[in-house]
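Okay, here's what each chain looks like letter by letter:
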Amino acid sequence: MAFRALVTVGGVDLPTPSSYIGLTADLVDAGRNVQGVTVGAVVRSDVAKVEMTWKVLTPTQWSDIIKLFNPTYGGSFFQSVTFYNQSIADWETRTMYPSDRTSGGAYRVAPLTGVPTHWKDCSLKLVEA
Amino acid sequence: MITVSDAWKALHLGQLLPEAYVEVSYYITEPGLVDDVTSSATGGAAFSKADQIKDFSLRSEPMFATFENNAWVLNGKYNFVPSPTPFTGDVGYVSDAVSLSDLTFTANPLLTLQLGSVHAAAIPGITITFAPDRNEWATDFIVRVYNGASLLLTDTVTGNTESVSVRDITGIEDYDKITVEIVKWSLPDRYARIMEIALGLKQVYTKAELFGYEHTSSGNLASAELPKNSIQFKLDNTDGRWNPSNPTGLEQYLIERQTISVRYGFKINGSIEWVKVGTFYMSEWDTPSNGLEATFTARDSLEFMGAIYNGTRSGTLAAIATAALTQAGISSTLYSLHANLSAITVNFTADTTAYTISDILQMCAHAAECVIHQTSTGVITIAPLNTFTSDYAITQFNSFTFPEYTLSKELKSVSVNSDLGTAVNGVTGEILTSDNPLIETEAIANAVATWLVGIYGDRRVLKGNFRPDPRAEVYDKITVTSKYATDVIYLTQIKYTFNGAFRGEYEGRVMA
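Chains as they are written, first to last, in this note's numbering: chain A, 525 to 653; chain B, 689 to 1200.
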């Protein structure tokens, strides 16, 4: 069986993350009744979110990921994301949007030019639209 | 109270409700057009009702068991055609011959919508509902538009894959006939079925498209004013489709009184149970040029009865109300009058006051000790208040706040038509006066006065917020449990807000 990327965004495989957190949420409109008991109504079930971090990425790798969500570079804020869904123990494709794309700073800098050669602690969260 | 299944009622007793749905079906067409249409078809089955397909009834197919190949699934949802035929319920058009193995028909079914006169007003297309309950459709069909014998335009469709086909056709104007010819069906060995052909575009907005939805209704237990029933919904306008300056947008087709049908649903055991909530008519819209949302307000038919009444001024209240409703363009199938109205005869020909149609209906209802409301199926009903307490209750479990009590002024007595009739409630308080030119005798005036004491004798009015079951309607008699007591009230105001789930506000009057 061929190796399959954990997460694919718009048909582009992401590098294997150092950590991968799957999250399944139910949106519920809830309130406490006059007895103090929570009563509610489901607004939407099974909303997916994935959180990924990479200990180290090259600037090009990280830039390529960020550009996937930037229309200037051919990306899109809403993307078709194929991810390993914890709810069904299989890959599934859903429309998702990204949170802030953050990195923890330069892990290593070229000593002569000052150009970062690696980023550390890059993080990306994708939330189902 | 809207009729729902026991499963629907049971789930509202639970702590967590399943997913709820609102569906707003909006017909962009010429108002009143459907009343001028006669529909017919070639080659229908014995139980086929081609005359039904012209309306916007959101009908569900009764799912008759037939011997079509692989069609009759033994899942308990199929019924035999009732005897004797012809079947009188909702069924729409069903062909009398099945499709062949190549999906064609020996003789193509042809459905005709004939208008009574040439209609100059343009409509933006037509919407054909094939058989969504069976997930079947015509893959190939031809729409033709005529003016007399002249063929104005032809829309040939091939490869359709939708059970509800919205055909955006430019140029349907100055026409008096539209035909739909079915060429190929989606499956072999099946009857061709059409539930509905709507002249105009039927836009269906679900919770995926609605940015907001509110349903507000109110009523007066003494028919002192007409009930109000309206919806307001917001739609996405980021693509400018409702922009007034968009030459290809839909705003150009917005006309007052266009029909809007609303359904509510809950997911029960894996499928959605839908209930019709009502038929409304476009009243106002706000589609700012640079707005991201377009807001629409629609009201029930009682809002459009402001014309001066010109019908008979003598006869039974039923005859007068019928004249008023007929003048308002309400067909006899869309109103229901209680026998109380037939038992009272009046003559107010000497009264030359210019009353509106709504004034007349309100006065008829008041004189007959009735209330007016439009049912969820769109029928204007004038009848006494329901005396049965509903099985639905607002309890401490589904209340977000305890009911708030207010007291109306103490009622001493009621005087109808300057003491023509009176009824006493107590020794102190205010005297309620009521003037109605359709109350002419002392006996009726006394009866109405006694009726009003029954309504206003108890001073308590309750209101609160709750997690609603949206089957509850104004004038329903329900129980409300407060911190110390359980009261029986008639709902006089109710508001449902839907933002993915229903929230509700209610107001009602305690009646002794």
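Keep in mind that the hints are not guaranteed to be accurate.
Only some residues are given here: those of chain B computed to face chain A with a beta carbon under 7 Å [claimed, not checked]: (1) Asp790; (2) Leu791; (3) Phe1090; (4) Tyr1093.
Not close to chain B: a few residues of chain A, all C-beta gaps over 12 Å, as computed [what the hints assert, rightly or not]: (5) Phe527; (6) Gly534; (7) Val536; (8) Gln559; (9) Gly564; (10) Ala565; (11) Arg568; (12) Ser600; (13) Gln603; (14) Gly628.
Read the hints as simulated data drawn from the structure, not as lab findings. As the structure is a prediction and not an experimental result, all values here were calculated from the model. The C-beta atom is built at its ideal place from N, Cα and C for all residues, glycine as well.
We went through each hint and held it up to the structure:
no., hint, in the structure
1, Asp790, "violated, 36 Å"
2, Leu791, "violated, 32 Å"
3, Phe1090, "holds, 5 Å"
4, Tyr1093, "violated, 14 Å"
5, Phe527, "holds, 36 Å"
6, Gly534, "holds, 22 Å"
7, Val536, "holds, 27 Å"
8, Gln559, "violated, 5 Å"
9, Gly564, "violated, 5 Å"
10, Ala565, "violated, 4 Å"
11, Arg568, "violated, 7 Å"
12, Ser600, "holds, 15 Å"
13, Gln603, "holds, 19 Å"
14, Gly628, "holds, 36 Å"
Of the numbered hints stated above, those contradicted by the structure are hints 1, 2, 4, 8, 9, 10 and 11, listed in ascending order.
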